[in-house]
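Chemist: What follows is the residue order along each chain.
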Amino acid sequence: MDYILEAVMQAFRLLSSGDAETFSAVWATICVSTMSVVLTLLVGVPLGFFLGYADFPGKRPVRTLVDTLLSIPTVLIGLLVYALLTRRGPLGGLGLLFTLPGIAIGQTILGLPIVVAMTATGVEALDKRLNPTLLTLGAGPRQILMTTLWETRFSLGLAAMAAYGRIVSEVGISMMVGGNIKWHTRTITTAIALETGKGEFALGIALGLILMLLAFAVNLATVGLRKRVKR
Amino acid sequence: MTVQKALRADLFRLEQVRQCYGGRTVLEVDSLTICRHAIIGLAGPNGGGKSTLLRVLAFIEDPATGIVIFEGRPCSTRHGDVRKKVTLLAQEPYLLDRSVHANVAYGLSVRGDTNVGEKVRGALDMVGLCPARFAKRACHELSGGEAQRVALAARLVLRPRVLLLDEPTASLDAESAQRIKAASMAARRDWGATLVIASHDMAWLKSVCDQILYMQGGRIHPDPPVAEFAKSAKLGNRWIQGFHTDFAVL
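Protein sequence lines, in the order shown, are assigned to chains A and B. Once you know that position 85 of the first sequence is 85 in my numbering, the rest is easy, because the numbers rise by one and skip nothing. Quick note: to get my numbering, add 1000 to the position in the second sequence (first position is 1).
Source of the hints: derived by calculation from the structure; they are not laboratory data. The beta-carbon is built from N, C-alpha and C at its ideal position, and this holds for glycine as well. The reader is advised that the hints may include incorrect statements.
Label pairs and their calculated CB-CB ranges [said to hold, decoys possible]:
no.: 1; chain 1: A; residue 1: Pro101; chain 2: B; residue 2: Ala1170; range: 52 to 60 Å
no.: 2; chain 1: B; residue 1: Arg1133; chain 2: A; residue 2: Pro46; range: 35 to 43 Å
no.: 3; chain 1: A; residue 1: Pro101; chain 2: B; residue 2: Ile1069; range: 55 to 63 Å
Using the sequences and the hints, build the whole thing.
Modeler: So, in structure tokens, the structure goes:
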């Protein structure tokens, strides 16, 4: 038990002293997860809006597929993206393997089903009177689209938070696509996995504390948004 | 009135209009003409087709068959410009998740209108809501009657040529109902709006309408079962003269 307490004490020392290796992993995590969430929202919100708003043949199977993809294992995404980005792969020429943008591609695939499904649910849950109201107030198609998105803003916020929570805590994609390269593609989760394997609990716990803080902040924001959605 | 004059006076003309939901016909209007500046009442039981007719007139939905002629040209939901002239207040209106001011200003903003603040204040005044007290309120803080008045203000601020009201005073307190009635009539008085009002409040319809149409089973009924309304001294020969007439007798 003593070694755990000692590790916790050392973790606080690392954080308070601004340990460069620790904060390199934190910075990499913030950069890559922000990149991933932005990409996820850019692609996922229009897709989710279309899925929730439009009626088209095959909508139900598409919805089922999206829901199924919610539980796709991160190592499987890591494997697929690795196969695409490796030198022999179709996107090998881009040189994205073992880079943060490469990890972001994988994490975007991870977050996409979450944003698509939650946006579609948010749009479907909108009051059926919204569209006729906008029409009768003279809104055109673009204004209807923008106003509808604005009306679902809290659901979109929830989708972004959920996607961020999943992305920031994943390890499989970061490890396989990023390669866990020190000072470069090492993120909080891959660093924790590595340091724990080496028996270096202090750095792992320090990074774990930061991850918990991030998760707590995301959860707080989510709770606040849920209150607005319920109202 | 000559035919030419009558044609010029036509605002709406419906020909062989049918609407179906799930294979069930809910609206069948062989011919209906609504003149400019008229106040038309729609009476009849629930499910009689009043709301469907109003949605067709508002160009929110297209009829399954038939044509709707507005200001002399066939129009449909594809003609977005006509929806800037015709507006509908539903029985349970939807307010956007924003402030009262933003709700009333919405229609003006989509039109790129100017002087929004003054117009919004004027519209809130019309429906009896003090702008200083209500403009900044969130819509979920309003009572049912206040929400209905805000929704009406959001339509009145647009100064529409046609104001369609679907049970605008149903389940409202007396003061809200009175405010809504007064504001609706102001639209006709102040800028000559044409009003089509669906309501069960026959006393109100009889007191303000130029013509009352009785709807049942999706049809405008030529022989309303409420004979006492036809005998009403107030309506006289303005009461339904026959619903297949081309021009409303006003």
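Chemist: For every hint, state whether the structure bears it out.
Modeler: Hints and how they fare:
no., hint, result
1, A:Pro101 - B:Ala1170: 52 to 60 Å, "holds, 58 Å"
2, B:Arg1133 - A:Pro46: 35 to 43 Å, "holds, 40 Å"
3, A:Pro101 - B:Ile1069: 55 to 63 Å, "holds, 58 Å"
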